[in-house]
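Counting from 16, one number per residue, gives the positions in the sequence shown under our numbering.
Derived from the structure by calculation, the hints contain no laboratory data. Hints may be right or wrong, so weigh each one.
[Stated by the list, open to error] Each pair of labels, with its calculated beta carbon distance range: (1) S92 / E46: 24 to 34 Å; (2) G73 / D32: 31 to 41 Å; (3) L38 / R88: 11 to 21 Å.
Built from N, CA and C at the ideal position, the CB exists for glycine as well.
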Amino acid sequence: MASGNLEVLAQRNESPDLCVVELLTSVRGYEEIWRAVIQDFVDRLSPGGVRFTIHDGGARPDTVMLRLMQAARLMESTS
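Taking the hints into account, I'd like the entire structure generated from these sequences.
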């Protein structure tokens with residue numbers, strides 16, 4: 016899924032209880048915000064068995080959260 020320059024890739028991984036999130040960004044100084052966004056996402060959906068790779072392209076954290084939620088729901092519907 017993409018929004019402008021934002022890209023969220025979701026791939027199934029081998030461990031059903033493990034969610035891996037890799038964030039690639041050129042914006043510095045927002046580590047705490049990104050940690051909070053990713054933790055909120057994991058707390059809401061418990062998306063085990065999936066690896067997410069995010070290329071944020073300068074997108075706002077709320078937009079990234081929306082795309083993560085959409086990707087997770089898409090992965091659920093194709094299980």
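We went through each hint and held it up to the structure:
1. S92 / E46: 24 to 34 Å: Given range 24 to 34 Å: holds, Cβ gap about 32 Å.
2. G73 / D32: 31 to 41 Å: holds (32 Å)
3. L38 / R88: 11 to 21 Å: holds (20 Å)
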